[in-house]
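Listed below, chain by chain, are the residues.
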Amino acid sequence: MQTNNRPVKEIAQEIFAENQAERILGWKRGEFFYDNSPAVFSAADELQEFVYDAFCGSNLSKFLVKEAAKEGRIAVLLKPCDRYSFNQLVKEHRIDKENVLPIEIDCDGMVDIDKVRALGIKGIKSISADGDQLTIETVYGQKNCSKEDVLLLKCQTCKDRTGGDRFALVREIEEMSSVERYEFWRSELSKCIRCNACRNVCPACTCEKCVFDNDKSGIANKANSDSFEESLYHMIRAFHVAGRCTDCGECSRVCPQGIPLHLINRKVIKDLNEFYGEYQAGADDSSVGPLTSYELDDVEPDIVMNRGGGR
Amino acid sequence: MSSRIWSIDLEKADELFNALAAGQRLYLPIEQAGQVQFKEYDPADSKQKVRLDALNTVRSAKDLFFPQSENMAAFKREGKKIEIIDNRERVSPFAIFGVRACDARSFEILDRVFLSEPVDVSYADRRENGTVITLACNEPEETCFCEAFGIDAAEPGGDISAWIADGKIWWQPITARGEALTEALADVLTNAEPDDEKLVMQKKQIREIIAQLPLHELSLESFQPERLKEIFDSPKWQELSEACIGCGTCTFVCPTCQCYDIRDYDTGNGVQRYRCWDSCMYSDFVMMAHGNPRTSQVERFRQRFMHKLVYYPANNEGVYSCVGCGRCLAKCPSSMNIVKVAKAIGGEANV
Ligand code: SF4
Ligand code: SF4
Ligand code: SF4
Ligand code: SF4
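Order-wise, the sequence lines are chains A and B.
Heads up: the first sequence runs through residues -6 to 304, numbered per our numbering.
Heads up: the second sequence runs through residues 3 to 353, numbered per our numbering.
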């Protein structure tokens, strides 16, 4: 179902009015104007708190793993980027499609409040938009910035809008010397507090019990013995989601330490594209991915040695 | 409180830090890959970027007293003998500058837990060796609600309180330890007047800003120990917890969260026992032989807030174990937090 520019709240009301679903997975207004939370609505009168605006960056698809398993049909609001995760989860049989009414909603980019703060803007009270210009009222007076500059990282290279080059930074890192690259990742990853937000939010991470949480796995740990172990955690995760990561950007959005985790996944995606041809995980809900199919002309493992450039 | 007060030009902050670092290890809010953390200051490292303007570090100051992980003991096996080696770290004196009023209060909350019998020796060791130098908050954030806990961001406390006003760092020792540290800084600090107009103005300004913050009057009155059962049974927990992804970010960034796990690591020829922060949001929290007493996320979620707003105050003369630093407000992936919980559950208990 498409929204065709209708207000999303109206669509939500219609879903209840016409009994299209018993519950709606959407966003609920927060304490401030920017801290909307994912929420399940089960009746029309609950929709008073329903919200859809430029602060609904969170991807609702993963919540479906638990919500779609419950009794009664659930409608879910999917921004263009979230649709990829939804498809991928359906493909992996993590969501029972029959129990879900997916609603594709329009989006013109979500604002990252942390980016606003990074501009040195503090004590934020409200934001109003006039085209690309944002006017921000704060405890310390009025400030301005451009919306483009404070879009969520995933929105800056949106798959559905003419976005920037999502591999630009990956290429820059590839061009680094191995020492520089090591320093770059060391400085980023040693900030990690191992809170697991990146893993828990990730729609590709849906194991019932993650090895890192499983006492019996032998590698469960809540603390690292040194910061190198943190890197290992992230590498294992990147490998596990390889070919399934839709580049939804959630990991980088939620990391309290601002670690650019998406760059690890984008590197993997870039390599997969080069090795096996262009592929977008979640573009559909049934095709076989590059790492789960075999073609005679697939690259040989020695590509790693032979492509050169120390990458 | 001592009425003596000193100052130093903000431009000469380096001199102050170098003098401090000469006497003990010094931790400052330092930028690392875009985020600000308390890190050891190295006068020789010109690349370190000290950020006195940053309000709250991502990891709180509790890190220095209750680190994320630390060794407790090692067990070494030789034949039929097992040797127990005490390899707990013993710290040398250190100072931490730039602690905000909320984090300074968090130490009092942790003290009640770790310094009551049986005393936690590692924590006690760090508390005895650490001098806390606070810094008043000139530019509080909208997420700050320290005032709800009677914390005054303009009088930040600690062993020494500091302010930035009129292009100077103002310095006032509060405890004997603070006095002792100040003695050693006679060469860099200049005597000043405690009621200097500029300093008084700055404090007034801070309080005026605090009074404008959206959460400054947050009421927690309805969270009374007598209402434990009623709050525990509130139907609201279910819907509030729905957004929670159980990541534990809120507990790891929180200055008052105090739970830890003790684990044994197989080193190949022995065992290293260590402890590390734990989170009530995790599925294996308080795991026992029979399993976990809290089997669903709603129960785990509820635990965090019951502990902060009901259980802890019930055991500690009504003191809440939240200091309103706002970290969980800023960092939760789902924007679910203690304020939303307090308003939803508290509001309901009020009627
Ligand atoms: S990537 Fe950004 S702009 Fe594109 S659909 Fe997602 S949230 Fe909207
Ligand atoms: S979200 Fe960030 S800090 Fe948390 S585990 Fe992931 S990388 Fe580490
Ligand atoms: S409340 Fe938020 S930060 Fe805390 S565990 Fe749940 S999702 Fe994570
Ligand atoms: S519960 Fe949240 S606001 Fe309160 S002290 Fe912890 S992190 Fe800060």
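In short, the hints are calculated from the structure, not lab data.
Hints are not guaranteed to be accurate.
With beta-carbon atoms standing in for the labels, derived distance ranges [what the hints assert, rightly or not]: (1) B:Gln50 x A:Glu173: 13 to 21 Å; (2) B:Ala46 x A:Val292: 34 to 42 Å; (3) A:Gly65 x B:Ser221: 55 to 63 Å; (4) B:Glu110 x A:Asp208: 58 to 66 Å; (5) B:Gln299 x A:Leu162: 33 to 41 Å; (6) A:Gln6 x B:Gln299: 23 to 31 Å; (7) B:Glu241 x A:Gln273: 32 to 40 Å; (8) A:Ser280 x B:Ser221: 24 to 32 Å.
According to the in silico footprint, chain B covers these stretches of chain A (three or more CB under 8 Å from chain B) [unchecked claim]: (9) 31 to 45; (10) 133 to 142; (11) 189 to 203.
Virtual Cβ for every residue (Gly too), placed ideally from N, Cα, C.
For this structure, which hints from the list above don't hold up?
2, 3, 4, 8, 10
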